[in-house]
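Chemist: Keeping the supplied structure of chain P fixed, place chain C upon it in accordance with the hints.
Sequence order for the protein chains is P and C. Everything in the first sequence is counted per this note's numbering, starting at 1 for the first residue and increasing by one. Everything in the second sequence is counted per this note's numbering, starting at 1 for the first residue and increasing by one.
Derived from the structure by calculation, the hints contain no laboratory data. Even for Gly, the Cβ is constructed at its ideal location relative to N, Cα and C. One thing to keep in mind: the hints can contain errors.
Unchecked claim - DEER-style ranges, computed between Cβ atoms:
| hint | chain 1 | residue 1 | chain 2 | residue 2 | range |
| --- | --- | --- | --- | --- | --- |
| 1 | P | L135 | C | R110 | 33 to 43 Å |
| 2 | C | R93 | P | E61 | 48 to 58 Å |
| 3 | P | E51 | C | A91 | 41 to 51 Å |
| 4 | P | G48 | C | E51 | 23 to 33 Å |
| 5 | P | L12 | C | R112 | 26 to 36 Å |
| 6 | P | D125 | C | E41 | 14 to 24 Å |
Protein chains: 2
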Amino acid sequence: MRLPMRDPAVRLAEPGDAPSVALLLYDFNREFDEPVPEPGELVRHVRGLLESAAITVLLAEGEGLAVLRFQPSLLSDSLDCYLEEVYVVPARRRCGIGTALMKAALGQARDRGAGYAYLGTGEDDVGARALYEGLGFSHRGGQASGPVNYFYEREL
Amino acid sequence: MRLPMRDPAVRLAEPGDAPSVALLLYDFNREFDEPVPEPGELVRHVRGLLESAAITVLLAEGEGLAVLRFQPSLLSDSLDCYLEEVYVVPARRRCGIGTALMKAALGQARDRGAGYAYLGTGEDDVGARALYEGLGFSHRGGQASGPVNYFYEREL
Numbered sequence: 001m002r003l004p005m006r007d008p009a010v011r012l013a014e015p016g017d018a019p020s021v022a023l024l025l026y027d028f029n030r031e032f033d034e035p036v037p038e039p040g041e042l043v044r045h046v047r048g049l050l051e052s053a054a055i056t057v058l059l060a061e062g063e064g065l066a067v068l069r070f071q072p073s074l075l076s077d078s079l080d081c082y083l084e085e086v087y088v089v090p091a092r093r094r095c096g097i098g099t100a101l102m103k104a105a106l107g108q109a110r111d112r113g114a115g116y117a118y119l120g121t122g123e124d125d126v127g128a129r130a131l132y133e134g135l136g137f138s139h140r141g142g143q144a145s146g147p148v149n150y151f152y153e154r155e156l
Numbered sequence: 001m002r003l004p005m006r007d008p009a010v011r012l013a014e015p016g017d018a019p020s021v022a023l024l025l026y027d028f029n030r031e032f033d034e035p036v037p038e039p040g041e042l043v044r045h046v047r048g049l050l051e052s053a054a055i056t057v058l059l060a061e062g063e064g065l066a067v068l069r070f071q072p073s074l075l076s077d078s079l080d081c082y083l084e085e086v087y088v089v090p091a092r093r094r095c096g097i098g099t100a101l102m103k104a105a106l107g108q109a110r111d112r113g114a115g116y117a118y119l120g121t122g123e124d125d126v127g128a129r130a131l132y133e134g135l136g137f138s139h140r141g142g143q144a145s146g147p148v149n150y151f152y153e154r155e156l
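Just chain P, same shape as in the assembly:
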């Protein structure tokens, strides 16, 4: 059974939300078979990141989250925003929660004075890519027929 569509309640997470944030990150990494610390350890780690403002989290309690990083821009006095993670739990997908999280994330970025946002995603993550493209993100530097931009990574 799919749960009914409704306006998801998205809010800015505070340090006291560390358990809710950590639980979603735990489920996220387990779903994609990525290594993840034990839940208790993750709660402590996430609380530290929220307290130090190293992460900004938009939270739809029990449903999903978006994790943002802000840095002063290299060339201007504004901020750059890296959208590090966007996750919606399987049972609540296709209910508009990803869109609500992304819109809240972009609103938060603008409120903080960011002038630029970026993120990485897989070519096969068709739903996420449609969401990002619908919100104005481009993997071709904004030029419809331009070369695509790749996201490269490695462990150190």
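Modeler: Coordinates of chain C only, in the frame set by chain P:
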């Protein structure tokens, strides 16, 4: 005439290197027709970023630079490193400077305790992609036949 190959002198930039760093960033953005502040303004901005450690710069004086950003990792006690820019001036390309900058950047990242590094680059930037892939970066999450990862961005 191509200048002879030699070991480029790559060092960690200090706030006093702001003029050298700003000049390279200025040339970089002019070369790619990207908007960039006037040089004097850029020097002041870059000095502030170096002083506050918002950026880490590996510098080959007059030849090129790599700009790194460090953030505490979302899941572990290590750091993530974003390789925001790598640039070599046109007259000094294909002399090993990009490789020297990247190796110094990865060494610096490891010295700082980073466990993960990422960057974005265009599919048509064949030389840069060969360099990154030769240094162990993957745009397929490390799986040779896996789906590619895209770098999405937008102005806000």
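Chemist: Run every hint past the structure and note whether it holds.
Modeler: Outcome of the hint check:
{"no.": "1", "hint": "L135/P - R110/C: 33 to 43 Å", "verdict": "36 Å, holds"}
{"no.": "2", "hint": "R93/C - E61/P: 48 to 58 Å", "verdict": "52 Å, holds"}
{"no.": "3", "hint": "E51/P - A91/C: 41 to 51 Å", "verdict": "48 Å, holds"}
{"no.": "4", "hint": "G48/P - E51/C: 23 to 33 Å", "verdict": "25 Å, holds"}
{"no.": "5", "hint": "L12/P - R112/C: 26 to 36 Å", "verdict": "29 Å, holds"}
{"no.": "6", "hint": "D125/P - E41/C: 14 to 24 Å", "verdict": "40 Å, violated"}
When each numbered hint is compared with the structure, a violation occurs for hint 6 only.
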